[in-house]
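Trainee: Which chain is which? The protein sequence lines are A and H, in order. Sequential numbering from 1 applies to the first sequence in the UniProt record's numbering. Sequential numbering from 1 applies to the second sequence in the UniProt record's numbering.
Among the hints, a few may not be true.
[To be verified] No farther apart than 27 Å at their CA atoms in a straight line, the calculated lysine-lysine pairs in the BS3-like style are these: (1) H:Lys274 to A:Lys194; (2) H:Lys51 to H:Lys130; (3) H:Lys274 to A:Lys29.
To be clear, the hints were calculated from the coordinates, so they are not data collected in a lab. Fair warning: this is a prediction, and the values are worked out from it, not measured in the lab.
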Amino acid sequence: MDVIVCVKKVPDTAEADVSVGAGGREINKERLTFAINEWDNYAVEEAIRLKEEDEGTVTVVTVGGKDKEDILRRSLAMGADKAIRLDMEDPEDSFVLANVLYTLIKDQKFDLVLFGAQSGDFNSGVTGVMVARMLGISHAAMVNGIEVLDGRTKTSRELEGGLNEIYEIKLPALFTIQTGINEPRYVSISGIRKARKKELKVMTPADVGVTEVKPMLSLEKMYLPPPGKIAEIIGGSPEEAAAKLASLLKEKGAF
Amino acid sequence: MNFKGVDYYDIDDLLSDDEKLVRDSVREFLEKEVKPLIVDAFQNEKPLNMKELAPKMGELGMIGGPVPEEYGGPETSYMEFGLICHELERVDGALRSFAAVQSALFMYPIWKFGSEEQKHKWLPHIAKGKKIGCFGLTEPNHGSDVAGMDTVAKKDRDEWVIDGSKEWISEASVADVALVFARADEGVRGFFVERGTEGFTQAFQGKKGSMRCGDVGELAFSNCRVPSENILPKTTGSGLRGVFMTLNQARHGISWGAIGAAEDCYETALNYAKKREQFGSPIASYQLVQAKLVKMLTEITKGQLLSYRLSRLMDEKKERHQQISMAKMNNVSVARYCARTAREILGANGVSYDYSPMRHMGNIEAVYTYQGTSDIHTLILGQDITGISAFTREFKTKER
């Protein structure tokens, strides 16, 4: 099975002090660190596992400048076989990005395309699905389990409230991967050594024939949520605090 | 994973992509798998279970450093091994001690001076974390004065008989094998003594204020017989010369590790100072606190540059051992200073194990002393620049 995984480098905002820039349309990035999108890392792991179970190749793809190559190299060190970087500015608009990725992927050989279910920066969760529609192949979003059958997969999707649904999907297909589908491996030094010999191909928009499309959305304004007016610090021992919290939640109708 | 480190002088830009990836991977593993275990282990002086952790570390290539793949080692550059040590000690000194003992003190002398049989017997298993080694040099009555060791080895037909004891040995009680140095008629020689050998006892040393997450203990030898093939062969590196070469390997890792601990203290203090409010403002807004933070950062940056340059020199095989001494001596002092200063900035909270500085402060005291005390390294450098040895002198006791 040949799998293509689309990965993206995103700012790590989990523990950072995030502030909105002067124009009000983007966050200040100078002090942020960047890493592979968490969901994408699960997708890379899943692709490598599928390859290890069966035969085939894993190709990781990203769009962006040379500074994005580290996430490709990392994926190669985990066990991907090949990487492609499309050398152009990473479009923020999901539709524009989907169009770029579609143009690149349509000429590649694949049975399965994987995306992270969403990206840690804008959390739109639509790029993968749009690419599937453009490619005209089946898709499933928020996938938390893949079993490969003959020319098909048994794919489970996560629904609200802890429910799962299972589909049989004909290949080729595109899935967007939910975290928790697997436990991504750590990168080993021997993996890093092997990755040195693997191909990391840089392509230009002209190489793949990217055509310009107009963004479907425009970002008007970005702001941090205003601080709430009601906040109560619950004190006491853990037992007391837990009891008080439970009764408060009950009172507000949370249960 | 990404680099959320202290890097005021863009030293990151001097590292290759692979070097950065090694560092980031090690950090990711440690943050997720090991860091959550540290505080309890330290507080209770209940060492981390290295029988469980070492295979994981081995799998990722964290044990063995430059030992070649041919012998199961990860064959890292010194720069990469330095970065691994940096990440390990950033979490806890006992982890870096473990990696240093396995890689530098146990594997390096076998790789450099051992027989082919010894290399194949031990190196692949240690590198994969499936066996644990320890290095027996320090004795109750001989620390810096290693040449005066009391442990003896006597040849008895095709066996060696070892008598004596070793103290403050990292991984002493869990080790599957010890590389022990003893005085033979021909001079100091190294011997492999395997766990369970008659006359060989391994014990854990408790009640320590330092390295409480790691195994530290005593080795005792009483009429302990080992076969003649267990001796480290007589080469130019056998005896004390080899011991000193071996120690230099570990000292390089320590220079990186100490800076890792210092960075963790600095980051803890910086984050705390920005959030902690006194007199209506964050304490980071006060000049006295800023002065402390700036001094810590400046010392850390200088230490990083020393270690960085040292690793590059070692990778080019151009280092002098005195340069290793300078990096070890300086960077441990930086870590000591940063642990204490971070503790100060954290006020009363600084004495709690909920924050790392007090734990690093304890650990770094052991690091200050082992692998050559700062005083000894000062004398090594003093001798180098003056040409005069100040290690020993005749000491005349006044007549009473």
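Trainee: Now tell me if each hint is right for this structure.
Mentor: Cross-check of the supplied hints:
no., hint, in the structure
1, H:Lys274 to A:Lys194, "violated (43 Å)"
2, H:Lys51 to H:Lys130, "holds (7 Å)"
3, H:Lys274 to A:Lys29, "holds (20 Å)"
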